[in-house]
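Visitor: Now for the letters of each chain:
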Amino acid sequence: MAHAHESNTKRIWIVFGILSVITLVEVYLGIIKPDSLHLHGPGTSWLNWIFIILTLAKAYGIAWVFMHLEGEKKWFRRSIVWSAVFLICYLVTLLLIEGGYLFDTLSPLVKW
Amino acid sequence: MEANIAVPTDKKETWSGGGVKPFGASYGKMMMWFFILSDALTFSGFLAAYGLTRFKFIDSWPIADEVFTHVPFVHGEFPMIYVAIMTFILIFSSVTMVLAVDAGHQMKKNKVAWYMFATIIGGIIFVGSQAWEWNTFIKGSYGAVKTTDGKVLQFVKDGKQIALADFVTGERTDERVEHTRKNGLWFQSEETIATYSVAQVLAAYNANPDIQVRTELIDNKKKTILSREEGSLQLAKTKMVVEGANLKANEYGNTIFADFFFFITGFHGFHVLSGIVINIIIFFNVILGTYEKRGHYEMVEKVGLYWHFVDLVWVFVFTFFYLV
Numbered sequence: 001m002a003h004a005h006e007s008n009t010k011r012i013w014i015v016f017g018i019l020s021v022i023t024l025v026e027v028y029l030g031i032i033k034p035d036s037l038h039l040h041g042p043g044t045s046w047l048n049w050i051f052i053i054l055t056l057a058k059a060y061g062i063a064w065v066f067m068h069l070e071g072e073k074k075w076f077r078r079s080i081v082w083s084a085v086f087l088i089c090y091l092v093t094l095l096l097i098e099g100g101y102l103f104d105t106l107s108p109l110v111k112w
Numbered sequence: 001m002e003a004n005i006a007v008p009t010d011k012k013e014t015w016s017g018g019g020v021k022p023f024g025a026s027y028g029k030m031m032m033w034f035f036i037l038s039d040a041l042t043f044s045g046f047l048a049a050y051g052l053t054r055f056k057f058i059d060s061w062p063i064a065d066e067v068f069t070h071v072p073f074v075h076g077e078f079p080m081i082y083v084a085i086m087t088f089i090l091i092f093s094s095v096t097m098v099l100a101v102d103a104g105h106q107m108k109k110n111k112v113a114w115y116m117f118a119t120i121i122g123g124i125i126f127v128g129s130q131a132w133e134w135n136t137f138i139k140g141s142y143g144a145v146k147t148t149d150g151k152v153l154q155f156v157k158d159g160k161q162i163a164l165a166d167f168v169t170g171e172r173t174d175e176r177v178e179h180t181r182k183n184g185l186w187f188q189s190e191e192t193i194a195t196y197s198v199a200q201v202l203a204a205y206n207a208n209p210d211i212q213v214r215t216e217l218i219d220n221k222k223k224t225i226l227s228r229e230e231g232s233l234q235l236a237k238t239k240m241v242v243e244g245a246n247l248k249a250n251e252y253g254n255t256i257f258a259d260f261f262f263f264i265t266g267f268h269g270f271h272v273l274s275g276i277v278i279n280i281i282i283f284f285n286v287i288l289g290t291y292e293k294r295g296h297y298e299m300v301e302k303v304g305l306y307w308h309f310v311d312l313v314w315v316f317v318f319t320f321f322y323l324v
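Note that the protein sequences, when read in sequence, are chains A and B.
The first sequence begins at 1 in my numbering and counts up by one.
The second sequence begins at 1 in my numbering and counts up by one.
In case anyone wonders, no lab produced these hints; they're calculated from the structure.
Mixed in with the good hints there might be a few duds.
Straight line, CA to CA, 30 Å or less: simulated DSS-like cross-link-like pairs of lysine-lysine [what the hints assert, rightly or not]:
(1) A/10 / B/160
(2) B/221 / B/160
(3) B/160 / A/33
(4) B/21 / A/73
Partial list, computed: chain B residues near chain A (C-beta under 10 Å) [stated by the list, open to error]:
(5) 36
(6) 215
(7) 316
Quick caveat, the model's predicted, so the values are computed rather than measured.
Ideal placement from N, C-alpha and C gives every residue a C-beta, glycine not left out.
Build out the structure end to end from the sequences listed, making use of the hints.
Guide: The structure is reproduced here in structure tokens:
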């Protein structure tokens, strides 16, 4: 909060520019879906990995600059970010593994 | 006795205006952050459940590009475009919000008011867009049939999906009318009935040799198109004609796909709506000079946190519902 009284307007616009460019890249890739990225990749397609990484980058920009997490005390910030990251990773990992198991178990019973 | 009651014996008033602030954050701001944390976990619960279901039906999940293709006032198919515009609107309203907070730090009342106003307008446009999106989704654009074993069959011509109205001609032929409260059984009504009867759709399929059936099954990232004969076999199991979407059936594929669409975007839309209401309240407080008198604009900062959070959630919904 040391910078509370000086204006950050320029920085805000820069971050907005970065977030916009990321969104544009996502939409562009989402529309053209190049085969090389869309059909190959580890686990899921490369395209999906790109989307997920760009999304996390956007989330970082919003939380750090717009929500001003960068200016909070270190352990206050950590009490929020670490809790969320740990619990979400935990939940998502379990549920996605379970979803894959359900598919393996149930899909042989479906006749197309 | 005294030990059990929270009385500020040292007269420091820890969190209500006193000088001591744990982590340098005021009570309100800290609680807003912890509320956001818990709300974030609720949303991740929704999105993780979506992920589980999608993995469960990984070989037949609807392809988002083929579902969300419409833009208001424009004809034709533009996958992703409209959702991308909505994303921009929300990010931009986040920017005006953070500019309002910034102006608040400098105690510039008019600037804060104008930026808050812009934020509210952005929010309203976003909610309006979402309403339009829901309307389009519920109405549907092609129509399909659902079989007795719960599969959705769509119709294609030259590899492109076509609407029922493109090849089924004429009015509904079985003279079935919608049952409303005022006719038939007293005070009983039914859901909207489809434009065409099952028999009519099947007859039209048989009469048009260039129409093929597309199933939900995904092969190499594309839905499988059946030959004419296989199509006939599948169509023989038709139970109902589906147009648009509700919680029980939809023309896009898995029932639970539409259910998740309604719940996740609906829950997010509700957050945007409440954000707009809170923003309006704070906007009037700014105009009335409440924070000018108080000596700081921290309240703007707190609603700002909530507003950014709504934007943050949308970033994830956008990725996992529309892109991935």
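Visitor: Indicate, hint by hint, whether the structure satisfies it.
Guide: We went through each hint and held it up to the structure:
no.: 1; hint: A/10 / B/160; result: violated, 47 Å
no.: 2; hint: B/221 / B/160; result: holds, 15 Å
no.: 3; hint: B/160 / A/33; result: holds, 18 Å
no.: 4; hint: B/21 / A/73; result: holds, 11 Å
no.: 5; hint: 36; result: holds, 8 Å
no.: 6; hint: 215; result: holds, 6 Å
no.: 7; hint: 316; result: holds, 6 Å
When the structure is compared with the earlier hints, a violation turns up for hint 1 alone.
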